[in-house]
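Novice: These are the residues of each chain, in order.
Protein chains: 2
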Amino acid sequence: MIAGRGLSGLKTRDLAREIGCANGAVYNLVEDMDELILRVGSRTLLRLDQALSTAEGAGEPSPQETLVRIAITYCDFAAENLQLWRALFEHRMEAGKLVPDWSAADQMQLFRHIYVPLATLFPKRGADELGITARSLFSAVHGMVALGLEQKLVAVPLPALREEIAGLVRAMIDGLIARAERSHAAAAP
Amino acid sequence: MIAGRGLSGLKTRDLAREIGCANGAVYNLVEDMDELILRVGSRTLLRLDQALSTAEGAGEPSPQETLVRIAITYCDFAAENLQLWRALFEHRMEAGKLVPDWSAADQMQLFRHIYVPLATLFPKRGADELGITARSLFSAVHGMVALGLEQKLVAVPLPALREEIAGLVRAMIDGLIARAERSHAAAAP
DNA sequence: AAATTCTCTTGAACAATGTTCAAGTCTGTT
DNA sequence: AACAGACTTGAACATTGTTCAAGAGAATTT
Chain A
2 MIAGRGLSGL KTRDLAREIG CANGAVYNLV EDMDELILRV GSRTLLRLDQ
52 ALSTAEGAGE PSPQETLVRI AITYCDFAAE NLQLWRALFE HRMEAGKLVP
102 DWSAADQMQL FRHIYVPLAT LFPKRGADEL GITARSLFSA VHGMVALGLE
152 QKLVAVPLPA LREEIAGLVR AMIDGLIARA ERSHAAAAP
Chain B
2 MIAGRGLSGL KTRDLAREIG CANGAVYNLV EDMDELILRV GSRTLLRLDQ
52 ALSTAEGAGE PSPQETLVRI AITYCDFAAE NLQLWRALFE HRMEAGKLVP
102 DWSAADQMQL FRHIYVPLAT LFPKRGADEL GITARSLFSA VHGMVALGLE
152 QKLVAVPLPA LREEIAGLVR AMIDGLIARA ERSHAAAAP
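Keeping their order, the protein sequence lines are chains A and B. The opening position of the first sequence corresponds to residue 2 in this note's numbering, with each subsequent residue numbered one higher. The opening position of the second sequence corresponds to residue 2 in this note's numbering, with each subsequent residue numbered one higher.
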């Protein structure tokens with residue numbers, strides 16, 4: 002139902018009718034609507050993880066191109082699973098309740114896809130620094146995908162968006178490498 | 002009320018009590034809750050626009066550093082106006098209703114802050130291309146701010162986030178420039 | 001001054017929706 | 001056959017956006 006009509010199209014009564022039970026019975030399967038949404042999110046993250054792994058597997062490209070591939074794959078996944086992907090970020094826990102552990106753990110797993118090629122590119126950097134860079138890279142690409150698929154502003158056709166993302170990821174990596182080399186040259190001239 | 006308790010903390014009855022009228026009377030001031038939220042959003046965008054203009058005004062820095070300043074200012078504005086800023090992006094129009102013109106126009110205005118320095122940096126590019134690059138740059142920075150201020154994952158202290166943003170913006174611009182020079186050299190060697 | 005008309009206000013009522021719960025139903029065990 | 005435990009049901013409750021008929025007030029007309 003989330004995939005079809007979005008998070009706001011998920012109603013307990015419709016859900017109960019669809020699975021063939023009384024509306025109250027939904028609460029035997031799930032504590033909350035929050036839990037249901039997080040469980041669906043967990044599946045979505047798993048599928049995203051698989052898509053990213055598949056994208057990495059083909060050929061033996063440079064770390065740069067691996068990162069570009071990951072970004073493009075993320076974009077495609079979001080486009081093909083628009084509502085489910087949106088549900089990952091639109092959902093807000095109701096006040097005072099925090100995300101359970103099993104859900105938080107899912108999210109961290111994804112960063113390793115970015116972390117590994119980054120570590121190859123920047124062997125001098127420590128784990129913390131790499132983690133932060135990975136998160137920044139992800140955030141930047143995520144922003145492009147999020148606002149790009151939001152047809153609110155100028156509607157960008159998907160192929161153009163993919164090109165933009167690829168270009169900007171390459172630019173970011175080039176810039177990061179140049180910056181690293183410059184600071185290296187300055188440190189040991 | 003949005004600034005205080007967030008979009009989900011805005012209730013018509015509370016609002017009516019606060020302004021001292023019956024709950025029904027709210028609908029004489031505003032068509033909808035949608036309209037109210039968009040009107041608040043309009044004010045927020047105006048204040049953001051002013052903050053960006055102020056940031057540009059000081060000194061006469063290079064276009065690169067202007068773009069970095071803009072990004073940092075955006076980050077700071079989001080941090081200082083967290084709920085109002087979130088409301089800009091969290092709000093979804095109820096199905097089938099489209100954003101009125103006066104609201105859509107507000108959003109476009111902001112891109113000129115990015116567009117102008119970019120046009121200086123890349124005089125060869127056409128208006129369309131610059132517009133797309135501007136939007137990509139904004140999206141990337143927005144993503145970093147959005148996920149950075151979302152304390153859900155690893156909590157990043159604000160100064161560190163600002164540094165990350167500055168670094169990545171510089172890297173992106175360096176990369177874009179290098180890329181432009183390379184294609185220029187290939188075109189006319 | 002009285003009457004009329006127009007607008008604004010009020011608060012009840014409606015509809016949608018997440019959640020709870022007492023009563024009923026079913027299944028398996030004693 | 002009797003009982004216990006679990007599941008199911010559908011009504012009921014609370015919250016919330018929205019509508020609306022009735023009333024209050026002010027301005028204009030007679």
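The hints are simulated quantities; they were obtained by calculation from the structure and are not laboratory data. Computed from a prediction, not measured in an experiment: that's the story for all the values here. Hints should not be assumed to be uniformly reliable.
Since the list can't tell identical chains apart, any single copy or any two copies may satisfy a pair.
Okay, derived cross-link-like pairs now, SDA-like style, lysine to any residue, Cα gap no bigger than 20 Å in a straight line [unchecked claim]: (1) K98 <-> R6; (2) K12 <-> G97; (3) K12 <-> P160; (4) K98 <-> D35; (5) K98 <-> A23; (6) K125 <-> A186; (7) K98 <-> L150; (8) K98 <-> G10; (9) K98 <-> Q84; (10) K12 <-> R93.
Novice: For each hint, tell me whether it holds in the structure or not.
Specialist: Quick rundown of the hints versus the structure:
In the homo-oligomer, the alpha carbons of K98 and R6 lie at most 20 Å apart only across protomers (16 Å), although the nearest pairing inside one protomer, at 26 Å, exceeds that limit. In the homo-oligomer, the alpha carbons of K12 and G97 lie at most 20 Å apart only across protomers (18 Å), although the nearest pairing inside one protomer, at 23 Å, exceeds that limit. In this assembly of identical chains, the alpha carbons of K12 and P160 never lie at most 20 Å apart, being 34 Å within a copy and 41 Å across copies at closest. In this assembly of identical chains, K98 and D35 lie within 20 Å of each other by CA distance solely inside one copy; the values are 10 Å within and 27 Å between copies.
In this homomeric assembly, K98 and A23 never come within 20 Å of each other (Cα to Cα): the closest approach is 27 Å inside a single copy and 32 Å across copies. Taking the shortest Cα distances, K125 and A186 sit within 20 Å of each other inside one copy (13 Å), while across copies they are farther apart (32 Å). For the homomeric pair K98 and L150, the shortest alpha-carbon distance between copies (18 Å) is at most 20 Å, but the shortest distance inside one copy (30 Å) is not. In the homo-oligomer, the alpha carbons of K98 and G10 lie at most 20 Å apart only across protomers (16 Å), although the nearest pairing inside one protomer, at 23 Å, exceeds that limit.
Taking the closest pair of Cα atoms, K98 and Q84 come within 20 Å of each other only across two copies (18 Å); inside a single copy the shortest separation is 24 Å, beyond that limit. Proximity of K12 and R93 under a CA criterion of 20 Å is satisfied in both settings, with 16 Å inside one chain copy and 17 Å between copies.
When the structure is compared with the earlier hints, violations turn up for hints 3, 5 and for no others.
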